[in-house]
Amino acid sequence: MDVLERAAEVESKMSGSEDVIRLDFKIAGKSAVIFYIDAMIDKMAFEIGVMKPLKGIEEISMPYEKSFNRVVTSSMPIYVEEFEKAIEKLASSDMMLLVEGSDDSYIISLRSFAMRVPNEPPRETVLKGPREGFVEDIKTNMTLIRRRLKTPDLAFENMTAGKYTKTPISICYIKGIAEEKVVEEVRNRIKEINTDGILDSSYVARYIEERKYSIFNEVGSVEKPDVLAGKLLEGRVGVLVDGSPIVLTVPLVFLEQFQSAEDYYVKSFRATFTRLVRIFAFFLAILLPAGYVALQEFQYQIFPLKVLASLMNTIFGVPLPPTLEMIFVLLIFEILNEAAIRMPKHIGTSLSVVGAIVLGEAAVSAGLLSTPTILVVALSSIGMYTVPDEADSSSILRMSFVIVSGVLGLYGLVISCVALVAYLVSIKGFGTSYLAPFSPSLPADIKDTFIMQNELDMKKRPYTIPTNNRTRKRNNG
Amino acid sequence: MDKSLFTIGKSIYKRQLAVILFIISLSYKIVMLPKYMSIAASRDSALVMVVMMAIETVMFVLVYATITRSSILDAGFNKWFLKAMLALLLFSSSIKLVALLPETLDYISSILFEEGKWFFIIVSLLPVIGYIAYKGMNTIARLSEIIIWFVILAIAFTVLFMKVNLDFANLFPILDDGVEPLGNAIDKHFLWFGDFTPLLIVRLAKEDKTRFERAYPPLSMILVDFAVIGFFVAFIAIYGNVASYIDHAFSNIGVYNKISDMLGGVDFPIIIVWLMMSIIKLSFLLYTVTECTAGIIKEKMSDKGKLIIVTAALVIVSLILIFAIDNIDTSYEFATSDIRYFVMASEYLTPLIAFIATAVKFKKRKEKVSDNSDRKNEIAVRQNFEIAEVLKEPAFGGKNEENN
Numbered sequence: 001m002d003v004l005e006r007a008a009e010v011e012s013k014m015s016g017s018e019d020v021i022r023l024d025f026k027i028a029g030k031s032a033v034i035f036y037i038d039a040m041i042d043k044m045a046f047e048i049g050v051m052k053p054l055k056g057i058e059e060i061s062m063p064y065e066k067s068f069n070r071v072v073t074s075s076m077p078i079y080v081e082e083f084e085k086a087i088e089k090l091a092s093s094d095m096m097l098l099v100e101g102s103d104d105s106y107i108i109s110l111r112s113f114a115m116r117v118p119n120e121p122p123r124e125t126v127l128k129g130p131r132e133g134f135v136e137d138i139k140t141n142m143t144l145i146r147r148r149l150k151t152p153d154l155a156f157e158n159m160t161a162g163k164y165t166k167t168p169i170s171i172c173y174i175k176g177i178a179e180e181k182v183v184e185e186v187r188n189r190i191k192e193i194n195t196d197g198i199l200d201s202s203y204v205a206r207y208i209e210e211r212k213y214s215i216f217n218e219v220g221s222v223e224k225p226d227v228l229a230g231k232l233l234e235g236r237v238g239v240l241v242d243g244s245p246i247v248l249t250v251p252l253v254f255l256e257q258f259q260s261a262e263d264y265y266v267k268s269f270r271a272t273f274t275r276l277v278r279i280f281a282f283f284l285a286i287l288l289p290a291g292y293v294a295l296q297e298f299q300y301q302i303f304p305l306k307v308l309a310s311l312m313n314t315i316f317g318v319p320l321p322p323t324l325e326m327i328f329v330l331l332i333f334e335i336l337n338e339a340a341i342r343m344p345k346h347i348g349t350s351l352s353v354v355g356a357i358v359l360g361e362a363a364v365s366a367g368l369l370s371t372p373t374i375l376v377v378a379l380s381s382i383g384m385y386t387v388p389d390e391a392d393s394s395s396i397l398r399m400s401f402v403i404v405s406g407v408l409g410l411y412g413l414v415i416s417c418v419a420l421v422a423y424l425v426s427i428k429g430f431g432t433s434y435l436a437p438f439s440p441s442l443p444a445d446i447k448d449t450f451i452m453q454n455e456l457d458m459k460k461r462p463y464t465i466p467t468n469n470r471t472r473k474r475n476n477g
Numbered sequence: 001m002d003k004s005l006f007t008i009g010k011s012i013y014k015r016q017l018a019v020i021l022f023i024i025s026l027s028y029k030i031v032m033l034p035k036y037m038s039i040a041a042s043r044d045s046a047l048v049m050v051v052m053m054a055i056e057t058v059m060f061v062l063v064y065a066t067i068t069r070s071s072i073l074d075a076g077f078n079k080w081f082l083k084a085m086l087a088l089l090l091f092s093s094s095i096k097l098v099a100l101l102p103e104t105l106d107y108i109s110s111i112l113f114e115e116g117k118w119f120f121i122i123v124s125l126l127p128v129i130g131y132i133a134y135k136g137m138n139t140i141a142r143l144s145e146i147i148i149w150f151v152i153l154a155i156a157f158t159v160l161f162m163k164v165n166l167d168f169a170n171l172f173p174i175l176d177d178g179v180e181p182l183g184n185a186i187d188k189h190f191l192w193f194g195d196f197t198p199l200l201i202v203r204l205a206k207e208d209k210t211r212f213e214r215a216y217p218p219l220s221m222i223l224v225d226f227a228v229i230g231f232f233v234a235f236i237a238i239y240g241n242v243a244s245y246i247d248h249a250f251s252n253i254g255v256y257n258k259i260s261d262m263l264g265g266v267d268f269p270i271i272i273v274w275l276m277m278s279i280i281k282l283s284f285l286l287y288t289v290t291e292c293t294a295g296i297i298k299e300k301m302s303d304k305g306k307l308i309i310v311t312a313a314l315v316i317v318s319l320i321l322i323f324a325i326d327n328i329d330t331s332y333e334f335a336t337s338d339i340r341y342f343v344m345a346s347e348y349l350t351p352l353i354a355f356i357a358t359a360v361k362f363k364k365r366k367e368k369v370s371d372n373s374d375r376k377n378e379i380a381v382r383q384n385f386e387i388a389e390v391l392k393e394p395a396f397g398g399k400n401e402e403n404n
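Line order of the protein sequences matches chains F and V. Mapping of the first sequence onto this note's numbering: position 138 corresponds to residue 138, and the numbering continues sequentially without gaps. Mapping of the second sequence onto this note's numbering: position 317 corresponds to residue 317, and the numbering continues sequentially without gaps.
For the record, the hints were derived by calculation from the structure and aren't laboratory data. Any given hint might turn out to be false.
The calculated SDA-like cross-link candidates involving lysine to any residue, where the alpha carbons are at most 25 Å apart (straight line), are [unchecked claim]:
hint	chain 1	residue 1	chain 2	residue 2
1	V	LYS3	F	PRO118
2	F	LYS139	F	ASN119
3	F	LYS150	F	PRO118
4	F	LYS52	F	PRO118
5	V	LYS3	F	ASN188
6	V	LYS3	F	LYS139
7	F	LYS175	V	LYS3
8	V	LYS3	V	LYS304
9	F	LYS175	V	SER4
10	F	LYS212	V	ARG365
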């Protein structure tokens, strides 16, 4: 087929989109057409390293790519691709070159687009330790990981998913540490993705998870390369998705979400203390509102006498029953929370002030709400965000518990908790039990759970995570 | 998909068994039983418990010895023999489930509510028990591993804040009315014992995680013995002659604490913890009912089939509790009726039969293996000679005289 006819077909295949730039020129007297997507390539490198040398070729012979690679200066050599695949490459920001006298399509990669610089991620801020976070570009993220794990055993397996998005995905693990069965399972699950588009790593997480409708995370999410490197060194497998600054990790244990990067950069006694605080805050977040409702509605005899007397004074005259009052305040909090997140930063701050102080104060003064209820919700909400990874599930759990406690009191709360624990202990993902190392108990792994032992004492990789190599520290190391 | 990466196995570790046996044995012996025993044997009820716990220990030894070899489900028994054993287990577990559930319902309705309606408690409690039972033994074991920490904490908390008036003189004189009340107490309350028999269907993990693993269940048994007997001694020492009026002994043991004004209801941790323990015990009984029914109907039942069995069992139990045994007194009458003899026979005979049958089975298997290896050796020797004959070479690499 003539080069111009093929060029027309490319235009047609690219839906005549106006951001697809077509340049017609001659290489050694032969007609050539180059396609690229506007603003997706390094124009300077294109002009100097590609166009100028190509136009300067005086003689050309088959295979053409050899002649091109002799003169063109780009980081990747020009290569031949089938026509259909070349179109896909073009759509993924590579350049496509067609030359008269050859039915081949040549691919030149000079991708370059505006990108966020690695910043400290908002969800994983630290006082001490690296501040670099992942960005939306998968290649940059791979570099960030490679910079921390300078070993030939670090492996990236590239794949794509999404019929229209063709999103690059990379499975990342350390050969010899990660369990091959886990890597294979992740690989298979990603291969099975058959959807229009993958726009973020959370889309991939839904396909990797075993229990699709669970309110708990079954796949970990990491925003910092140092954290990911630590997880890979424990035998976990990472999944990087282009367009997402969040890298997925499997297997995930529940308690992993109570750990912070900083725990490993501060003294172990401090880390132990903060972990205990986080765990306490989590329980406070999900149980305090329900417990308060249960005690106020049914088991008020549990309150110490003085507390009960003072409580009676504050709740006197409140028009709503305790359960409805609590649900109402929780809903107000969720509304404020949503508004504060979606609003521009400065408005969000003032909104929080208006919501928390003005609204709360006004409602209490008007006798519509009681002070203890607002205090309980405030404490619970603060506690909820000490474990941000579980904030979504905590929010749902505390509301559900409040409803159950409102109907069945402390008994309802107890049976809900037992049912919840029964559900959690029965979760197993990628060879790891969700509540490990507590259930099943693995005493050797307790040292990095609610307590944190000195890093020097962690000689073995956690037994919780399947691995091919258990030893982490050698005697001479 | 590699399913082993996502499904939890069927076997449990010995340390999990230790926790389970502690919970299932302790839970229903410390609530209404102390009162019932006190009515029947007065201050000698602690002595009754010594006798009964000794029998329980023997039963545990039989059951543990059996399941360390194999669960009766996997022992390779004759089909009808296995079904007969499962039927016995099904019978005793069903009766116990129906007899013990009212204790929990009464406990909830009288302690956590003021005369709470059983119907609402049944409707909310049974689905949770059903869910745990349906999830299987591994879930029960893992749940127990979590809950045992709360049990320990709650007991520690209660002991810390408890102010009791222990008067050991209340325990004496022993056997003042002879041994008749003792026998009477034992005879009437068989249903509260024999807790280890359903463990016969438990599959134990073959490999031990630590070298102490094997010792955990016997240690737990000793701990239960001490805990139960100690509790009865304390109960009688505290309440003396009025012990027969005290319902829900476990939550009333620290009734004399005097710091409630400052700390609130300090007995509530123990109340909550007992509720958790009872849920585990009831789930275990329902699990036994499900597994036995499934085993009788079909050799390998699907999860869907088991779900149907659990649901059906729950519906039947609910109907019984709503229409027939709708209060704690009726439940006691039922538990102490003649049906207890059948339950007793089933609970005490099944472990003995299972122990003997498994021992015989394993001896035969061992002999077979030994026979097989002897036969293999014999064949190997014979083959060696035959080959030697063919090659005109002496067996076992010696030199042929002819070649010399």
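Violated constraints from the hint list, given by number and in increasing order: Those not satisfied are hints 1, 4, 6 and 10.
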